[in-house]
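Chain by chain, the residues:
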Amino acid sequence: MSESGSIFSLALGLVLSGDAELWSIIALSLRVSLTAVALACLIGLPLGAFLAVVRFPGRGAAVALLNAFMGLPPVVVGLFVYLMLSRSGPLGVFGLLYTPAAMIVAQTILVTPLIAALARQSLADLHGEYDELFRSLGLSTGATIAALIWDGRYSLSTAALAGFGRAIAEVGAVIIVGGNIEHVTRVMTTTIALETSKGNLALAMALGLILIALALGVNAAVLALNRTARRLAYA
Amino acid sequence: MLKPPDDGKARAVADRASIFPLEVSRLSFSDRGRTLIDDVSFRMEGRGITILMGANGAGKSLLMRLLHGLLQPTSGTITWGGRPLDVEVRARQAMVFQRPTMLRRSAEDNLRFVLGHLPGPAQDARVEELLADAKLEHIRKTPARLLSGGEQQRLAIARARATDPDVLFLDEPSASFDPASTFAIEELIRRVHADGTKIILITHNVGQARRLADDVVFVSRGRIDTHQPAAEFFAKPRSRTARAYLEGRLDLDALDYL
Ligand SMILES: Nc1ncnc2c1ncn2[C@@H]1O[C@H](COP(=O)(O)OP(=O)(O)OP(=O)(O)O)[C@@H](O)[C@H]1O
Ligand SMILES: [Mg+2]
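Each protein sequence line maps, in turn, to chains X and B.
Using my numbering, you'd call the opening residue of the first sequence number 1 and step up by one each time.
Using my numbering, you'd call the opening residue of the second sequence number 1001 and step up by one each time.
Listed below are the simulated SDA-like cross-link pairs for lysine to any residue, each with C-alpha atoms no more than 25 Å apart in a straight line: (1) B/LYS1141 - B/LEU1115; (2) B/LYS1141 - X/ALA146; (3) B/LYS1135 - B/SER1106; (4) B/LYS1141 - X/LEU232; (5) B/LYS1141 - X/ARG230.
Everything labelled a hint here was simulated from the structure, so no lab data went into it.
Nothing here was measured: the structure is a model prediction, and the numbers come from that model.
Next comes chain X alone, as it looks inside the complex (with noise of 0.2 Å):
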């Protein structure tokens, strides 16, 4: 009990000394992930947009998998985008392996499906509600994705949010094509798995306690962000 206690007094030492290193690791950590997430949004919004607009042969199936890939495990992702890296690999060429740009890719692909998944649900629900009037106005397939996009904005925003949760907490993925290598591919829980299993514990309870206030930041913004969204009637 005292142990633990002194470790959760040191941990809490660290943060709030401003520690180099930790903060370092922290900074590469919210790098990799937001950038994850703003390019997965790229891919995932238009592209659940589509889903939930177009029929065409073969949509359920494509919103099936989808729905599956929702729960891509990372370390398969991780393994997967490390054939792809590999030296011996089709993108090997580039070298990114062990990069954080090779993080970024991972997760990318981990938390794209989520988002797409995600915005197709709440979309689909919304395009019911349009569809009509949309086709009154003889709006375009594009005109109708972009106006679905910007009208469901708050709930979006949650999926993306749901979306860096997580990125921001998965370890399976950069772990095997970052390598975990200090300076240079070290995210929090990366660097939590290393340091509980070196017996380092005050520096893993500390980036512990980041992880979760993070996690209570973004469960704070998407209850903000659905409030914000009721009181417009937006939601």
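Fit chain B with the ligands to the given chain X structure using the hints.
Just chain B with the ligands now, with coordinates in the frame of chain X:
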């Protein structure tokens, strides 16, 4: 009451008229074995305000959706000015639905949404004009979905008008509104009509029909019972069911749902 188009924006009468006549031939629509529109044929010219009347469930909204091309007929043909009902024809028409669809944007941005083709200053000017005519200037920044029913309906009409349609379909635009709101909506409809737009409107409000109609189409059980000039229809409807409807009597044969 009717003002000539005064803003110079309304398109030339001849240009508008090219979408007419509307010719409907042997139109039917069935769903799950029920024939909901039953072998309807008629012809309509491009002037005036045409009112569709008939009991609940008679098929008025359905007929309107078919005429606007939102539904595909089971059989029969619809042509506008000799052309089949394609996207281009539909783009020259606008529809205000029984429950208006409000975009999740401010009242003003609901108008700008359909005015994207106009450059900045022209768009601003048009928005001002439309807001003023719909008496919505004071709530222009309010999210449209927070507006009252009457305000939403006026905004929906203003938005439809913004597309400068040759034909405007209105499905019960003032159902359940108080007399003042109903009056405001009728004024707005007259303004759109004064732009040179053909109005096709569904209402159960006999007073409103008398005030607005040039001609009346009476729909009963998926068929057109009678299509008469308004004065004639209200004095001497050519259909027993319409007479019963106007007198507020129940004509049990005409009601599907009893
Ligand atoms: N898109 C549709 N597909 C299948 N059936 C429909 C569709 N729209 C309406 N119906 C059915 O067609 C019948 C006529 O409906 P419609 O909405 O045209 O009635 P209405 O004359 O507008 O009645 P009201 O005055 O109550 O609005 C109803 O029985 C309805 O259930
Ligand atoms: Mg109806």
